[in-house]
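Colleague: Below are the chains, spelled out letter by letter.
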Amino acid sequence: MIEFDRVSFSYGPRPVLKEISFSIAENERVAILGGSGDGKTTILKLVLGLLRPDSGRILIDGEEITQKAEDELRDIRIRFSIVFQEGALFDSLSVKENVAFPLREYTRMKEEEIDQKVRELLRRVGLEEAIALMPEELSGGMHRRVAIMRSMAAFEPRMFLYDEPTSGLDPVSADVICRLVLHLSQKGTGFIIVTHKVFDAFKLAERFMFLKAGTIVFDGDKGKMLHSTIPEIEIFLRELNFTPYH
Amino acid sequence: MRIGTQRIRELISDLQDFYLLSLNGLLGMVRQPFYYRDTVEQMDYAGSGSLFIILLISLFIGMALSLQLSAELSRVGLKIYTGKVVGISIIREIGPVLTAVVFAGRVGSGMASELGSMVLGHQVDTLRVFGVDPMKKLVVPRILSAVVMLPVLTIIGDAVSLFGAYYIAVFVSHQSGAFYWSSIRDVLVYENVLAGSIKPFIFGYLIACISCYMGLSAKGGAIGLRRTTTKAVVVSFIAIIVSDFVLTRVLLYVLGFTV
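Order-wise, the sequence lines are chains A and B.
Take 215 as the starting number for the first sequence in our numbering and just add one per residue.
Take 165 as the starting number for the second sequence in our numbering and just add one per residue.
These are computed hints drawn from the structure, not numbers from a lab.
There could be a bad hint or two in this list.
Here chain B is said to cover these stretches of chain A; the calculated rule only asks that three of the stretch's residues, wherever they fall, bring their Cβ under 8 Å from a Cβ of chain B [what the hints assert, rightly or not]: (1) 256-270; (2) 281-292; (3) 299-305; (4) 314-323.
We treat Cβ as the ideally placed atom computed from N, Cα and C, and that holds for glycine.
Just chain B, same shape as in the assembly (with noise of 0.2 Å):
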């Protein structure tokens, strides 16, 4: 019983400043000091270190799900709508929630890892020692690398998804190249372009304010700090997975649809 009580005291405390963490990385985005170096070097680290895996996985993909798409729907006749359903798939829920994960196992674990190690090796403490705010020097630069790259990187590979599937399409399944473009066109429209584009925001900043906590309150040598950068992980597929389920009915609310 009192260890239950414990283990919730702990846990209402982790969320605030959990809590905490997130509202002041946001608000740290808009006031000075500003760390312009970091930033870059935090951006550099998260976008160009992550493309080579994310153009990996995103073409493999792309052509994964053209191929499972055309065997399926080979059989009910309907092939020539092979582009319309990866376009909308991979635009408004496979592009953005793929590229998250993998940002989240790349990027957030070493941020995860980084920051923990900083923890244990005192070099918070000393950055605080010497005046400056962690949250400033490690926390807002990482956020801010984040919410910039990870939308880009959707882009980059919701593209390059698409080529994959357009390869399967038209030299696979033998289906009409022009067609493919059109019906790709078709599904281009404001609305799965914008339920596409907002996720990758709110999927980074979370990444990075969840691997950044873990980060900061790493303790225990080095078993906590493998436990911490697993935790991280975790939690960050967790939150991507749950925040996909909830903009997807916010998105298709305002956006006027129905299910």
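Looking at chain A on its own, in the form it has when it is part of the complex (with noise of 0.2 Å):
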């Protein structure tokens, strides 16, 4: 579905990633591992179209998407729901409006059969008690879980796409945000999660790319992750047997 071929990018004179090549199916579950700015973001907007790469190809099944026009790429978005970090909920609007925004965009669904649909989706979560909440008024755990609800609120995605989605949360509310990932995968959608945990990635992907530099230096199952000899990689898989400090 996504292929990646020889792409570079940089935010003005700092090269953030050179010349990676990849490509992801359908129904992959992957993982993108790697420090801070070393550029997992910028491969989820450079998938959506939401940046440009400097050289290279993307392909979206198949097709070109590098040149394509703002309103052009609106069709290759609609196959992805995407989570941004912390949720990136619009702040001016209350849960009901976030979750409602993408069905006033898409559909023509009647003022009824909105606040129908929204509350579906947010029982599916457990907060249909928020909806006139506002964002401020969410834990973490909660902007995550309206988010991805928001993102899949129009259609069905063919693959998600998530930024960083348990960061910050404490392990009890990132448990259920990995739940929830897992469950909607489970009529056989792939996602890409960005991530620095570890912990979680092992919990929800199948295949692992690791970042360094701008570039993947590692891409393969969790066995092979496990006896890599890449110092960083290493480094990243100490959270699994963390001993403190002495």
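Mind docking these for me? Both chains are given alone in their own frames, and the hints should help you get the complex.
Modeller: Structure representation (structure tokens):
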């Protein structure tokens, strides 16, 4: 479904991705790991055409998107459901209005139907009672759950994209989000999760990519990753058998 | 040398982006879709939200101006011209500029910080993912609200300044109230009113474009947001003052005044 062919990207003079190539099938569960500023989120934005690469090609379902205009990308974007870091709920809108937003933009549903659909979506994540709250009144975990429901409100996505869905959450809330991510992919819908939490990545994904200084230094399964000798990956893996400093 | 070239490139690129935002913002006012609710919300924030501070500042500026002029003009025996000088100064120059400066400080900074925080919180990206053009949804309502509300606030501010000046002229400087208002009526001629009315539209457009541009190009977390907001206000102030001079020069020429 997604193919990157020698893609490079830089923010001004700072190169972020250097000629990376990979392909991801529609039903794959992929975790992209790496340190802060290594270009993990940039990959998700490139997939959706929110950023344009400096060079290289990005293909979605065999269709090159790098030269597409903003209105042509709409058709590409509805194939995905993205949840940005910390949810990215609209501050000025209530939970109901946030979830209803894509319904109003993409569908011609009546007000009662929108209300019904929003309640149904929020019920699925146990947040129906929060329908009238504003984003500032929600906890971090609630934020993410609302954002996940909003991202799939208007259409059934073919693939989910999660940007650090568990960062900044306590272990219980993070576990709730991980369960939700797994639940949503039960029907075979794949996802790409960008994270620096190896523990969560191992719970969710089956394929792991590791970014370092703008290049993919590792691409493989859990077993291969556990035996990797790349120093950065070894540091990341220490999270799994954490021992305090003395 | 290399850093200098890089800076020049960035500046040209920034100017090009600003020009495109300003142009698309203008065209967006006549192209669908229209976000009425967002426009009304922005007008409420920019208009009624700024009213009290504009009233307060305009009142005291009018009083201070009247006080200064009365003191100076009475030394040369021309105190009776206080109303006329105050009227021309407020209607043509001080009213539009002062209101625009206050508007830039309050509304412009608010626009820049709100949009900046939306960019940094990925809310603008979310809009794009949902197929919504941030230019139409975020920029056009803000430009429209500034272009409509700044002239309204300027007229109200001018009126309050003239009342403040009246209070000083009559109750402190002991001038005739009737003569003061007749002097004001004399300066409320077509040329002066036109000169004072055109400026707020231009200032409003500039403030909104600059603030939206700065907000949408925010980067770098909390410090970046602070820098963005400060830059929006400073650049707006400069734009107001420079464009005021240019507009004054052009209007004087067009209206047939000789300098």
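Colleague: If a hint holds in the structure, say so; if it does not, say that too.
Modeller: We went through each hint and held it up to the structure:
1. 256-270: holds (count 3)
2. 281-292: Held - the segment 281-292 of chain A has 4 residues with a Cβ nearer than 8 Å to chain B, which meets the minimum of three.
3. 299-305: With 6 residues close enough to chain B, the hint holds.
4. 314-323: Three-residue rule met by the segment 314-323 of chain A, so holds; n is 4.
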